[in-house]
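Trainee: Protein chains in written order, with this note's numbering: chain A, 1 to 205; chain B, 1 to 454; chain C, 1 to 239.
The set of hints was computed from the structure by calculation and includes no laboratory data.
Note that the coordinates shown come from a computational prediction; the quantities given were computed from them, not determined experimentally.
Any given hint might turn out to be false.
In silico contact screen, one side only, chain B against chain C (beta carbon under 8 Å); selected entries [unchecked claim]:
1) A58
2) A62
3) P65
4) G173
5) C361
6) Q366
7) R382
8) W397
9) W400
10) P425
11) S427
12) P442
13) A444
Just so it is clear, CB atoms sit at the ideal spot from N, CA and C, and this is done for glycine as well.
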Amino acid sequence: MSDRTAFLDRLRERLAVPAPENLPHPLVHAEAVPPVEYALDLTDLADAFERAVSATGAHVLRGTAPEVLQSVLAATGAQRVVASKDAPAELGLPAYSGPVEAEQADLGVTGALYGIAATGTLVLHAGLAGGRTASLLPPVHLALLPVDRLLRDSGELFRKMGERLPDGLPSQLVFVSGPSRSADIELEVTVGVHGPRELWIGLVS
Amino acid sequence: MKNTASTLRERSAVAVVDEQLQGALENATDRFANQKAVGTAAVANWEELRTAARSLRAQVLARLPEVLEELADKIEARGGHVHWAADADDARNYVLEVAKRHDAKLVVKSKSMASEEIHLNDALAASGIEAVETDLGEWIIQLAKETPSHIILPAIHKNRRQIAEVLSQVADGDLSDVPAELCAFAREQLRSKFMQADMGISGVNFGVAETGSIAIVTNEGNGRLVTSVPPVHVAVMGMERVLQTWEQFDLMLALLPRAATGQQITTYVNMVSGPRRAGEVDGPDEFHLVILDNGRSDILGTEFQEILHCIRCGACLNVCPVYRQIGGHAYGWVYSGPVGAVLTPLLHAAENELQNASTLCGACWQACPVGIPLQDLLLGLRRRKAESTGGVEKLGWQAWSTAWSKPALYDATTRLGGVSAKIVPESWTPVEWREGRTIPRPEAGSFRRWFEHE
Amino acid sequence: MRVALLPTCLVDTVAPEVGMATVRVLRRLGMEVDVPRKATCCGQPAWNAGFAQESAKVARTTLRALSEADADVVCVPAGSCAAMMRVFWPELFHLVGDEESVHAAQALAPRIKEFSELVGEADGEYAHKVAYHHSCHMLRELGIRDEPEQALDAVGAERVTWLGDDRCCGFGGLFSMKQPETSVAMADDKADSLACTEAEVLVGCDQSCLMHLEGRLRRRGSDLPVRHLAEVLDEAAGE
Numbered sequence: 001m002s003d004r005t006a007f008l009d010r011l012r013e014r015l016a017v018p019a020p021e022n023l024p025h026p027l028v029h030a031e032a033v034p035p036v037e038y039a040l041d042l043t044d045l046a047d048a049f050e051r052a053v054s055a056t057g058a059h060v061l062r063g064t065a066p067e068v069l070q071s072v073l074a075a076t077g078a079q080r081v082v083a084s085k086d087a088p089a090e091l092g093l094p095a096y097s098g099p100v101e102a103e104q105a106d107l108g109v110t111g112a113l114y115g116i117a118a119t120g121t122l123v124l125h126a127g128l129a130g131g132r133t134a135s136l137l138p139p140v141h142l143a144l145l146p147v148d149r150l151l152r153d154s155g156e157l158f159r160k161m162g163e164r165l166p167d168g169l170p171s172q173l174v175f176v177s178g179p180s181r182s183a184d185i186e187l188e189v190t191v192g193v194h195g196p197r198e199l200w201i202g203l204v205s
Numbered sequence: 001m002k003n004t005a006s007t008l009r010e011r012s013a014v015a016v017v018d019e020q021l022q023g024a025l026e027n028a029t030d031r032f033a034n035q036k037a038v039g040t041a042a043v044a045n046w047e048e049l050r051t052a053a054r055s056l057r058a059q060v061l062a063r064l065p066e067v068l069e070e071l072a073d074k075i076e077a078r079g080g081h082v083h084w085a086a087d088a089d090d091a092r093n094y095v096l097e098v099a100k101r102h103d104a105k106l107v108v109k110s111k112s113m114a115s116e117e118i119h120l121n122d123a124l125a126a127s128g129i130e131a132v133e134t135d136l137g138e139w140i141i142q143l144a145k146e147t148p149s150h151i152i153l154p155a156i157h158k159n160r161r162q163i164a165e166v167l168s169q170v171a172d173g174d175l176s177d178v179p180a181e182l183c184a185f186a187r188e189q190l191r192s193k194f195m196q197a198d199m200g201i202s203g204v205n206f207g208v209a210e211t212g213s214i215a216i217v218t219n220e221g222n223g224r225l226v227t228s229v230p231p232v233h234v235a236v237m238g239m240e241r242v243l244q245t246w247e248q249f250d251l252m253l254a255l256l257p258r259a260a261t262g263q264q265i266t267t268y269v270n271m272v273s274g275p276r277r278a279g280e281v282d283g284p285d286e287f288h289l290v291i292l293d294n295g296r297s298d299i300l301g302t303e304f305q306e307i308l309h310c311i312r313c314g315a316c317l318n319v320c321p322v323y324r325q326i327g328g329h330a331y332g333w334v335y336s337g338p339v340g341a342v343l344t345p346l347l348h349a350a351e352n353e354l355q356n357a358s359t360l361c362g363a364c365w366q367a368c369p370v371g372i373p374l375q376d377l378l379l380g381l382r383r384r385k386a387e388s389t390g391g392v393e394k395l396g397w398q399a400w401s402t403a404w405s406k407p408a409l410y411d412a413t414t415r416l417g418g419v420s421a422k423i424v425p426e427s428w429t430p431v432e433w434r435e436g437r438t439i440p441r442p443e444a445g446s447f448r449r450w451f452e453h454e
Numbered sequence: 001m002r003v004a005l006l007p008t009c010l011v012d013t014v015a016p017e018v019g020m021a022t023v024r025v026l027r028r029l030g031m032e033v034d035v036p037r038k039a040t041c042c043g044q045p046a047w048n049a050g051f052a053q054e055s056a057k058v059a060r061t062t063l064r065a066l067s068e069a070d071a072d073v074v075c076v077p078a079g080s081c082a083a084m085m086r087v088f089w090p091e092l093f094h095l096v097g098d099e100e101s102v103h104a105a106q107a108l109a110p111r112i113k114e115f116s117e118l119v120g121e122a123d124g125e126y127a128h129k130v131a132y133h134h135s136c137h138m139l140r141e142l143g144i145r146d147e148p149e150q151a152l153d154a155v156g157a158e159r160v161t162w163l164g165d166d167r168c169c170g171f172g173g174l175f176s177m178k179q180p181e182t183s184v185a186m187a188d189d190k191a192d193s194l195a196c197t198e199a200e201v202l203v204g205c206d207q208s209c210l211m212h213l214e215g216r217l218r219r220r221g222s223d224l225p226v227r228h229l230a231e232v233l234d235e236a237a238g239e
């Protein structure tokens, strides 16, 4: 506790005399946080979401959860599948037991709490999923997202947290926008370092 | 090539003739600047957001003690641990303590410039703990035993062949220089580290006080792996990297990726609020946040306070015409580019001439998503230096001001200057000028004499 | 319109032709031009080096002379000097505790005009391909981008597309001598991309940038003409 007190007392001491004003480039006071205005057509959320997702290099499929799963299994040839607790119950997939099991799988199937149309983003909730690694360790990730869970933009989540997350923040809330990518080598984009190299999103009704 | 010369000028001189570096810098900075233009075009009110962000960061800093307290209280309420590190030593010791308590032998790290600032990896290594950087660029420079040369792309100065050579050190045999193959190798190598690690250490892009959370953004997913697989997670955060509300975070999330790389959003945004909870089959059992001062409090209350608004996007590096020529290593420390030129003299007294790595052109200010007037801060550092170590230069300026505050003397000296410029042999002029440029030779006579007779 | 012209110290030393061209152009536009004898330098060299006291001493002399001048506007044919006066003088005088000069500087600021802000679309004929260099203080501190371009367009100059035309030339005052290798590398960056255009003339509004770029071009063996906007408009009038 004494570390905290000393630390914060130091800050209070330093802040007692405010920093001088910048005369050539004066700071303009903002009373509130302005919402972000996107120059995007967000009239049809599902279409906008699909466009944004495709731009990230991920795939969108529409249909029922079982149909989507079949398509992805066929497309990827995945053999070992793990699923998180929030994957649709109708798929009949048992929830995975931990990272070791997830690491050995070819495909991780999860649900998603929300989708964000403006950026093609999935919102994953570790509490609902019962964990974090089903969507992270396998090389392919399939997320089943109910189409009525689409939000326009991140402001619809962050500016309405009480409504969107009535039980508060989970231990981990993750935004996923596309497969894992890196441009560290001569700026050439490669996927699959270190998270999934393929992301499939099933927009289910 | 390591650039270990001792002065800014010497390191710059080495950098500007390094053709490979020059090519890499030009390519990367042009690419990023173009991408940023595309990324920001998707936001209709970019300028409004920038202006508001500057004010909001200032508001948070003005209440920094209260905001940090709220963050800490809420983390502790969830069973997380908060350590208040006054300096680098303090931070390192705490991390080592946690590591020892868990008998940690292997640590995986996601990007944390604050951890590089405090030389955490060295301290871990000295205690026999292997600390592996997992951000691909950081892993490359770790293996090459170098420091990062760009905030977002640490290995920007290396081409694929050089990277293949570096990674081949830990491979069985030589690797090809095809990026996809190098990445596949990195995935495999680092995947086993993630799975076996005893502890994960991450940085923090933003702490969010209202829910006791930290947010980490990555494209690779290593930030998620580091905070999901090992049983212990330690996050290191510069004390100023904090926000009060998720509303403010939404604003920063719109600004940061677009300013950094032009992306609409990073692939992953990982928002951590404490350790794993009942019913979760993975996730750390323990969560620690190290809040780092290390000289930042000295900046509060001064004319340099705005540098603490920085969100580490790297946009200033991408537009800086000086960085474009000299690259990151010429700055001599962890932070480079305009932000490095301001922050380093303030946090790392040994490097106290970086404010001269600038022409005060203002491109950084215009690119900064939170509107920091970096050129003003650089000039403030020059004033600070001039006041403390005036010396011969001060005498020179005093003589200049004595002469030029008197119209008659100004007139006489400028006329003399004009005449000299016409006739002085080049070899008499300063070598710093004439080495690269010819001397201006006026043709006409004195302007003011001409005007009088007009 | 009565104009008080501050020649700038570069014009008063090594670039008298720019001052002469400025006077002729303004007079052709029907303005009455005077050069207040007691105005010297704006103080920027010392300011940029971090020596505020010394800068203020010189700046105060110029501030007084220009405030006293019987003129509608003050014309400054250099973006960096105009920016120093309009944007930075109040801070300079505030830092040295001279609040009276702060107020005087703030009062004078609206009347301080960079050259291109006064010329509108002057008449003349300048049928050449030009590359226009946007100098940093003028572009970013004063926000002046369109006026010089319009002035060039009005005299029939063909402005070429020049990558990096708004990137810093690398002069930066004493930076050019303290970090000479970097300064020259920055000039080379501009000169290299300039060489990829069909420009016949390099034009700018800041003699400091032009002096540095021309110096580097000549050292590289290029004889590309380099002109201040005032010289272009003067030539365009063709008398």
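Trainee: With a cut-off of 8 Å, does the beta carbon of B:P425 approach a beta carbon of chain C closely enough for the hint to hold?
Mentor: violated (16 Å)
Trainee: Next item in the hint list is B:W397. Is there a CB on chain C closer than 8 Å to its CB?
Mentor: holds (4 Å)
Trainee: Holds or violated: is there a CB of chain C closer than 8 Å to the CB of B:A62?
Mentor: Violated. Min distance 22 Å.
Trainee: Do the numbers back the hint for B:G173, that is, is its least Cβ distance to chain C under 8 Å?
Mentor: B:G173 check fails; min Cβ-Cβ to chain C is 39 Å, beyond 8 Å.
Trainee: Take the shortest C-beta to C-beta distance between B:P442 and chain C; is it under 8 Å?
Mentor: With a minimum Cβ separation of about 5 Å from chain C (threshold 8 Å), the hint on B:P442 holds.
Trainee: Would the hint on B:R382 be counted as holding, given a Cβ-Cβ threshold of 8 Å to chain C?
Mentor: Holds - the Cβ of B:R382 comes within 8 Å of chain C, reaching about 3 Å at its closest.
Trainee: Tell me if the interface restraint on B:A444 is satisfied: Cβ within less than 8 Å of some Cβ in chain C.
Mentor: holds (4 Å)
Trainee: With chain C as the partner, please determine if B:S427 meets the hint condition of a C-beta pair closer than 8 Å.
Mentor: Interface hint status for B:S427: violated (15 Å vs cutoff 8 Å).
Trainee: Let's test the interface hint: is any C-beta of chain C closer than 8 Å to that of B:W400?
Mentor: holds (7 Å)
Trainee: Go through the hint on B:C361 and say holds or violated, using the shortest Cβ distance to chain C against 8 Å.
Mentor: With Cβ-Cβ at 4 Å, under 8 Å, it holds.
Trainee: Is the shortest C-beta separation between B:Q366 and chain C less than 8 Å?
Mentor: holds (6 Å)
Trainee: Tell me if B:A58 is really an interface residue toward chain C, meaning its C-beta lies closer than 8 Å to one of theirs.
Mentor: violated (18 Å)
When the structure is compared with the earlier hints, violations turn up for hints 1, 2, 3, 4, 10, 11 and for no others.
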